[in-house]
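Given these sequences and hints, build the entire structure.
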Amino acid sequence: MWGEQWTWISPRLSIQVPTGNKSFIKFNKDKCKVLHLGKHNPGVQHRLGSTWLESSSVERVLGVLVDNKLNMSEQCAAVAKKANRMLGCINKDITSRDKEVIVPLYSTLVRSHLEYCVQFWSPLDVDRLERVQRRATRTIEGLGSLPYEERLRELGLFSPETRRLWGDLIAMFQYIKGGYKEDGDSLFTRSHMEKTRGNRCKLLLGRF
Numbered sequence: 064m065w066g067e068q069w070t071w072i073s074p075r076l077s078i079q080v081p082t083g084n085k086s087f088i089k090f091n092k093d094k095c096k097v098l099h100l101g102k103h104n105p106g107v108q109h110r111l112g113s114t115w116l117e118s119s120s121v122e123r124v125l126g127v128l129v130d131n132k133l134n135m136s137e138q139c140a141a142v143a144k145k146a147n148r149m150l151g152c153i154n155k156d157i158t159s160r161d162k163e164v165i166v167p168l169y170s171t172l173v174r175s176h177l178e179y180c181v182q183f184w185s186p187l188d189v190d191r192l193e194r195v196q197r198r199a200t201r202t203i204e205g206l207g208s209l210p211y212e213e214r215l216r217e218l219g220l221f222s223p224e225t226r227r228l229w230g231d232l233i234a235m236f237q238y239i240k241g242g243y244k245e246d247g248d249s250l251f252t253r254s255h256m257e258k259t260r261g262n263r264c265k266l267l268l269g270r271f
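In terms of the numbering used here, the sequence shown is residues 64 to 271.
Treat the hints with care, since some could be wrong.
As the list claims (entries may be wrong) - Derived lysine-lysine pairs resembling DSBU-like cross-links, with alpha carbons at most 35 Å apart: (1) Lys155 / Lys145; (2) Lys155 / Lys144; (3) Lys102 / Lys155; (4) Lys132 / Lys162; (5) Lys92 / Lys102; (6) Lys162 / Lys144; (7) Lys145 / Lys92; (8) Lys102 / Lys132; (9) Lys132 / Lys92; (10) Lys92 / Lys144; (11) Lys145 / Lys89; (12) Lys94 / Lys145; (13) Lys240 / Lys132; (14) Lys89 / Lys155; (15) Lys162 / Lys145; (16) Lys144 / Lys132; (17) Lys132 / Lys265; (18) Lys162 / Lys94; (19) Lys102 / Lys89; (20) Lys102 / Lys144; (21) Lys145 / Lys96; (22) Lys96 / Lys155; (23) Lys162 / Lys102; (24) Lys144 / Lys96; (25) Lys145 / Lys132.
Said to hold, decoys possible - Pairwise CB distance ranges (calculated): (26) Cys152 / Leu232: 29 to 35 Å; (27) Gln182 / Leu267: 16 to 22 Å; (28) Trp115 / Ile153: 42 to 48 Å; (29) Thr158 / Gln108: 54 to 60 Å; (30) Arg160 / Leu268: 29 to 35 Å; (31) Arg110 / Val189: 38 to 44 Å; (32) Val121 / Asn154: 16 to 22 Å; (33) Tyr179 / Lys240: 20 to 26 Å; (34) Thr225 / Asn134: 19 to 25 Å; (35) Leu268 / Glu137: 29 to 35 Å.
Read the hints as simulated data drawn from the structure, not as lab findings.
Glycine included, every Cβ here is placed at the ideal spot set by N, Cα and C.
Right, dumping it as C-alpha cells:
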C-alpha cells in the first residue's frame with residue numbers, strides 16, 4: 064500500500080470484514096496479502112479481523128504480475144516465457160512451416176499472451192517481447208535468412224510496439240468518447256484552445 068496513504072487506507076481495510084460478513088462473503092485469509100508500494104513506504108502491518116496479513120513483494124492481479132516497484136519487469140519475463148513455451152509447442156507439434164499455417168497459429172496462440180491487458184503493464188523490457196516475434200517469423204520456410212523488417216512485410220505483420228500503440232490509441236478513444244464514463248474524465252484533460260484548427264476531442268499534453 065502507498066506509504067503516504069496508509070493511514071487513509073488502514074481504517075477502510077478493517078471495515079471490509081463486517082461488510083463482507085453481512086454479504087455472506089468469506090475472505091480466504093491465507094490468500095490475502097499486503098503489497099507495499101512507494102519508496103518511502105513504512106511497511107505498516109495490516110490486519111483482517113484478528114489475523115495479521117503477510118506482506119508480499121509481487122502479486123498477480125487479474126492475470127498481471129504487480130510488484131512493489133511497479134516496473135513490470137516480472138510481468139514482462141513471465142509473458143515472454145509463456146509465449147516462448149507456446150511457440151515451442153507449435154514448432155514441436157506442427158510439421159508444416161508454411162506461412163499460411165504458422166502465422167494464424169502465432170497470432171492466435173502466442174501473440175495473445177504478449178498483448179493481454181497490455182495497456183496496464185505497458186512493458187519496459189520491449190526487446191524481450193520483440194524477440195518472441197523475431198523467433199516466430201524466423202521459423203517460417205523461406206524467410207529465415209531475411210532481415211526482421213522484411214519478414215514482417217512478407218507476412219503482413221506489425222511489430223508488437225506498433226500494435227501496442229494502436230491498442231493505446233483505441234483505449235484512449237473509448238475513454239474520451241464515453242466508453243468508460245467512470246474514469247474517462249479524470250484520465251485526460253480536454254484542450255479548449257481555439258487558436259488552431261482542431262476538434263472537441265483534442266487533448267492537452269501534460270506530464271503523467
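Practice task
Check each numbered hint from earlier against the structure, then list the numbers of those it violates in ascending order.
Solution key: The structure conflicts with hints 3, 4, 14, 18, 22, 23, 30 and 32, although it agrees with all the remaining ones.
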